[in-house]
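Peer 1: One letter stands for each residue in the lines below.
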Amino acid sequence: MNRESLLRQIGWFAAAVGLALFLTVLVTLPSGAPPLTTIFVLFQGGLGSLSKFGQALSVWVPLTLCSVGLLIPFTARLWNIGVEGQVIMGAIFCTAALRPFDGGGAGQIILALAAAALGGALWALLSGLLRVFGRVHEIFSGLGLNFVALGVILWLIFGPWKRPGIASMSGTEPLDVSLWLAKVGSLSVTWAGLGLALAAIVLAAVLLHRTGWGLKLRAVGENPKAATLFALGPRRRLLQAFLLCGAMAGLAGATQVLAVYHRLLPSISSSYGYTGLLVGMMASYRLGLAPFICLFFAVLNVGSIQLPLQLGLDSSLSGVIQGVMVLSVFIVQGVRLWLAKRGEAA
Amino acid sequence: MIVLSDIHKQYGRVRANDGISLTLEPGRIYALVGENGAGKSTLMRVLAGHTRPTSGSIEVNGERLSHLTPALARRHGVGMLYQDPLDFPAMPVWENFQLGAPRRTKRQVVDILGELSFRLDACFLPDEPVSSLTVGERQLLELLRLLDLGATTLILDEPTTGITPEQKQDLFNLLMTLAREENHTVVLVTHKLSEALEMADAIFVMRQGRLVCTLTPPYDEHELVSRMFGEAARGEVAPMPEVDETAAPRLDMRDVLFAGPKYSMGPLNFTARPGECIGLAGLDGSGQELFLRGLCGLDRMPGGKLVLNGREYGSNDFKILRRAGVQFVPADRLQLALFPALNLMEHITLAFPDRKEDRQKFYDEQCVERFNLRAHPDTHASELSGGNQQRLLLSLIPDDAALLLMEHPTRGLDAGSSRQVWNHLKERCANGATLIYFSPDLEEVLEHSHRVAVFYDRGLAAVVDRERATMETVGALMAGKPAAEVFGNRAKAAAEGGAR
Amino acid sequence: METFALTIAAVLMAGAPLVLATLGETLTEKAGIINLSLDGAILLSAMAAFAVASTTGSPWLGVIGGAAVGAAVAGTLGLIGIYLGQSQLAIGFILTLLCRDLAYFLGHSFSRQPGPDLGLWSIPGLQGAPFLGPIFANASPVIYLGLAAILFCWWWMYRTEGGMRLRAVGESPRAAFGRGIRVRLTRFAYCLAGGALVGMAGAAYSLAVKPGWGRPQGCEGAGWIALAIVIFGGWHPVRAALGAFFFAGLQVSGIYLQEVFPSIPAPVFQVAPFPMMILTLLAVNLGRVGWVQDLVRRHPVLGKLSGSWSIEAPAALGQDFDPKKGL
Amino acid sequence: CASEPEKKAEDKAPAKTEAPAPAPEAKQDAKPLTMGLILVGPYNDKGYSQAQYEGGKYLEEKMGAKLIYLDKVNPADRPGLTIPQVVDDLLAKGADFIVAGSDDMTDGIIEAAGQHPDTVFVHASGDAALTGKGPKNLGNVFGRMTFPKMMAGFSAGMTTQTGKIGVVGPLINAETRRLIVSAYLGARYAWTQVRGKDLKDLSFNVKWIGFWFNIPGVTADPTQMAGSLYDGGCDVVLSGIDTPEVVTVAQQRRDAGKTVWALPYDYEKACEGQGSVCVGVPYFNWGPMFLKIAEQVKAGTYKAVFDWEAPYWADINDHDKSPVGFMPGEGLSADNKKALDEFVAKLGSGELNLFTGPLNYQDGSVFLKAGETATDKQIWYLEQLLQGMEGLSSPK
Ligand SMILES: Nc1ncnc2c1ncn2[C@@H]1O[C@H](COP(=O)(O)OP(=O)(O)OP(=O)(O)O)[C@@H](O)[C@H]1O
Ligand SMILES: Nc1ncnc2c1ncn2[C@@H]1O[C@H](COP(=O)(O)OP(=O)(O)OP(=O)(O)O)[C@@H](O)[C@H]1O
Ligand SMILES: [Mg+2]
Ligand SMILES: [Mg+2]
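From first to last, the protein sequence lines stand for chains X, E, A and H. Using the numbering used here, count along the first sequence one by one with no gaps and you end on 346. Using the numbering used here, count along the second sequence one by one with no gaps and you end on 500. Using the numbering used here, count along the third sequence one by one with no gaps and you end on 327. Using the numbering used here, count along the fourth sequence one by one with no gaps and you end on 396.
Just so you know, these hints were derived from the structure itself, not from any lab. Since this is a predicted model, take the numbers as computed values, not measurements. Please note: incorrect hints may appear among the correct ones.
As the list claims (entries may be wrong) - Anything over 10 Å on all C-beta distances counts as not near chain X; from chain H, calculated:
#: 1; residue: L70
#: 2; residue: T106
#: 3; residue: P135
#: 4; residue: N317
Stated by the list, open to error - Simulated crosslink set (EDC-like; lysine to aspartate or glutamate; CA at most 20 Å straight-line):
#: 5; chain 1: X; residue 1: K183; chain 2: H; residue 2: D88
#: 6; chain 1: E; residue 1: K106; chain 2: A; residue 2: D320
#: 7; chain 1: X; residue 1: K183; chain 2: H; residue 2: E111
#: 8; chain 1: X; residue 1: K225; chain 2: E; residue 2: D317
#: 9; chain 1: H; residue 1: K292; chain 2: H; residue 2: E54
#: 10; chain 1: H; residue 1: K133; chain 2: X; residue 2: D102
#: 11; chain 1: H; residue 1: K258; chain 2: A; residue 2: E2
#: 12; chain 1: X; residue 1: K341; chain 2: A; residue 2: D322
We put the beta carbon where it would ideally sit given N, CA and C, even for glycine.
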């Protein structure tokens, strides 16, 4: 609801991007890489061909599920940093649901997706309960639970769920092909994945902007005391926010298992949870921008493998760029605020 | 000698201080009085360098400054004691004493502290955390600290809220000696006229950010009071609605105990009839806040029973009471009752989910027509003036609310809007609602109550009915005079009859 | 006995960097600033320390370099969080991820290169001493660094004027401002100081505990553990340090316990810090929840119990303060 | 090295003659044969991946082939990147055949090979061709690391003074069991047969960190692991993990005045600059294996088989012949070195097969009856550690 001219906003955003670009160049200089070429290679690597774009999309799906999910707690001023663990739990539950079957079809897949959503939601609920009834800040409970989840998945993969004979990085026994999600033509992105991501966006949009629920959630985040006066049931709202986000994160985990790796891996989450948080912040907690930023980050991710292939650069540069981007957004916001204050004072 | 000239302080829309000039001379005790929000604290904070005035100048010891900083103020011997003690609860006494002072070893600090507290026959254990002290002790410690820093101008912002009478007496004796013998300047910000009358060589009266007058002895209490609370607003005021004496009580409290975060009170026995307006009078922290918050279920009710419209409630669950028609409107609207970054429409939607469809219509009828809330429907609550905030809140209260609990209904409202608000509230009462409200503005209470419940020292001192409720009687009761003295014994009986 | 002493030595060594990082964060949080960037900062400063050390050939210059980088990261947080008034949590978190990738990107050319390390200090007097011998006769400098840091932090926080101000700005910026303390400056200063300690932790990893740089370096995640320990240690330097050693002990003993209880999955011992952090927080906060208060009122026994929980976070932790607004 | 050229000529000759001539020739003229190499770790990790990388370099210099590679291909370092995607990239960049470097890539490479049936795929480690799970165009190649591990164990057994040998193992699976058991057999032989001591006095203690490298808060810390082994009285510790902690710890213990040794893993030059703590390193020398494959691919004669290559016994450290080797370090005394050479000779001549019964599993059940020798399959799929070794056989 801010009545500032669109032009202004775009201007500020441009400023942020400019700053980010500048900082990136600053970082790449010592490595002796030609900055602009580097950036070009990155994007070409992510958008260069249809199949590349397909890969980018297949990264976009779980990333979007995470960041869109995160926007729900963000609306209530909640920092569900535990999303990483929730992705992992989703993947675990998904795998668990499929273990009894060595083959199958839509039925099993739907079951697996449901299980994944459940797993993520439950893991999120833990943070939620700790926050609402124990007043434990969700950041710390979330962090803790992330590591616990990581411990659990490693233990499962190298323990109870290990392949006959060999337990290894390569994770559990791969799923039967009949349980893989169907790809879009020759692209590596799947129909189901795209469907889920889009559904998540729509759901979040409707929930947050079209329903009383979203309004209540915002209100709770705005001022819990007043929320009590209005009898909005702050606690229930917060828990629901956690559950929803957890469920979406869980689905992200499921897509990792069913669409990308076709089995459970130690680092199944690809730390999309954390990246999702970055996206949420860069979108300054608004839904509108999130999917596009996700796409942008996905392109960076996919393009990054061209850095070692073509320029002999370390591909973690893409991560650097992402971080710098978000940081610049905050810096610009701060400067803006400060200038405003100066204005008042004068 | 300190001269404040034409001090202005603006907080957003609020003019906390509006062109104040005054002179403080050494060796004298001043009292600064005024209703809540008059701007007393703000002015004092400016003087102590804790707030930069929007405009105006301060002349200290011949030095002319646009504003002071805490450090500067200290150098000029200005020290301020806060309404809520401004100290570090988690840290031990001696550190609280030392912080901000020139470097010293712990031993030195402990010695000085001991010596000072001996002089004021107080006693502090240096290593005890301040959180374990009473408010009074914390105030005293602050005072010692200021003296130790060589403060010659002492500002005490309502120092006597929540300290015992004898502590208070000691404090006043101390201030006397400081002023008379050591030639200190003392400024005493207070709500309690008795204190002002007893102590002050001159009384500054503030009202809505302005300095309305400076009184000097001999004091005329009536004048003081009328100056403080101003003339009643002009224009016709709706008459008090009739109360049907025969109707069954709307509210009946039986041996109710309330427990707030700070203190607890009770057992309380009190009844209210439909259509009744009951004003709560009392100095800050005398218990009226807890009374309201407890009644609506925001503070806990460890014991007793509430009977609402004949239904008995053993516990005061907020939701249940709310469904039973209990509505609470806090004084601090933005902090407690509104969502700063949500707009009016959204507030309406939140309050009346079922009227989501015709909310525009609702807005026009309710907010604009009835409450002439003149603001664009998508303004943020945070951008509303105090008056409009109150209008919004009132318009959000459903018409069938049976029991209205309000803190300072007209806080921050000008005379005109106050009248509107009151007429509206009385209309509700006429339609059978019961209103229990609290206001620091005594005149307001007296004008708009069938009965006045006076609180003193965290307890219900007396309930006075309209005829007997005058500035004198209620004022006296608020200041702690026993009911017996205020009205003869016969009246006392009646008064207590009120609180059955 | 011998083996016990050796285990102690191992714990001291494993704990040293954790202690440094924990103390750094404790300083920062005592001043009221939350610095979430620990994990990334440690990694980046580990890289920087090794890079400096191997280019200059002097490990101690490396330590200084590490400290400088740590301080720089904290400084960024300080500028944006304190003076530009942005969310400390957000900035800290961004910095974590950013610094991590930055470390790998810039450190690329140093990975798995041979380089100097801090080596060991051998104390002639202690050679062959019964119990202390095995522990201190030939110990890494970082152990002494860690122990010294504990003493210094404790002394500074609780025995000096500066420490008093530090706690003051963390407890109540308003009151501190009222007493003429330059709140933001103070906070910023301790932000830097804490960052420097964190940087030293990074250096301790890449120059002593796990000499060398590479991917993985082996200290990934240590920062999160340190953050957990700060809370576990109740924001008190000594308790925090003990906490650090306690967890180091857990990890070391985990190695032995692996055989003793083969039925317990190995990760359990490694993950332990995190559930413990959560429980600590729970214990700390439960005391303030309404229904718990009622419970305690009813059963004084619980009151006694909760007394032992009495860990208090700095009252103004994470709240920003703008002197321009006044009180 | 003078012999190299003609040796190569010999090697090439048959290939040339058998080859359906034109195609490869044309190819060669068009552009050099290109190998697409997928590395699991950093190409400069001074370990497993660097060994493969240098194998690729060897190929470039020996037959003017071209190497294109992508390193750090694992879900942790390259989130969301799958093997088929990498393969597509490498083929797009002109790779003629693909070599996947790690056991972790098993499923991915099978999938990719299925997608590109007429490209040659080789999976270094892995057993698709053995189990017949994989498609026709996917072969496996691996050096018989069991032998260098035996030599490592042997050197350890010769070097140890306390009779206590430690192993820092990664995670428990058939491969790691296989290698560590080999090391144990080597050590046991040295201890009992060569040094003539009592088997009871030999302790061989295996500790698993739970992963190929350290993840704080998740795996056990190899630094502490190695430390605890040394503190526990082991004076020789073998490393089975990707990162160099063990040698570093050994160095530190040396500085502290302890007489201890260590044996790193994977990378030929791992002992360089480590001085006398380093007894020696069992390593992969992928060059010859890659060369052989490349030539067959070029000649179009490559058969997808399960190729488990034995060392070149004449000189296990021959860069051009031996796929695996054991590089003694300064820590191996002259006499021990002599003993080692004899040991190697025995192994080479086949006169000595350490996988000969009677051998019992850790739980006492029989692995090999007296006189029985183990088949490749038995060794490849080793189910448990052996009796006499301490440490977990399988994750509980
Ligand atoms: N920091 C602040 N920000 C915004 N408004 C403020 C602030 N401090 C005071 N005000 C407003 O300025 C006006 C004067 O406040 P002030 O505290 O000076 O009144 P007061 O006379 O001290 O009241 P009381 O008798 O309750 O202490 C009030 O309307 C108050 O809401
Ligand atoms: N809100 C703000 N945003 C950005 N920069 C600021 C802000 N406030 C102050 N600064 C700049 O930071 C520097 C220090 O400002 P200031 O003096 O207010 O902080 P401080 O002195 O460190 O803290 P304090 O005033 O509480 O002692 C000055 O250069 C000032 O311009
Ligand atoms: Mg005041
Ligand atoms: Mg300042």
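Peer 1: None of the hints should be skipped; say for each whether it holds.
Peer 2: Comparing the hints with the structure gives:
Not every CB of chain X is more than 10 Å from the CB of L70/H (nearest about 6 Å), against its label as outside the interface. Distance check for T106/H against chain X: the nearest CB is about 5 Å away, which does not clear 10 Å, and the non-interface claim fails. Distance check for P135/H against chain X: the nearest CB is about 13 Å away, which clears 10 Å, and the non-interface claim stands. At roughly 29 Å from the closest C-beta of chain X, the C-beta of N317/H stays outside 10 Å, upholding its exclusion from the interface.
This hinted pair checks out: K183/X and D88/H have alpha carbons roughly 16 Å apart, not beyond 20 Å. With a CA separation close to 30 Å, the supplied pair K106/E and D320/A exceeds the 20 Å bound. Distance check on the hinted pair: K183/X and E111/H sit about 14 Å apart at the alpha-carbon level, within 20 Å; holds. Taking the CA atoms of K225/X and D317/E, the gap is near 15 Å; set against the 20 Å cutoff, the hint holds.
For the given pair, K292/H sits about 15 Å from E54/H by alpha-carbon distance, which is consistent with the 20 Å threshold. Of the pairs offered as hints, the one joining K133/H and D102/X holds, with about 16 Å between alpha carbons and a cut-off of 20 Å not exceeded. Proximity of K258/H to E2/A is assessed by CA-CA distance (about 14 Å); at most 20 Å being required, the pair is judged to hold. A threshold of 20 Å between alpha carbons decides the hint, and for K341/X with D322/A the separation of about 11 Å falls inside it, so the pair holds.
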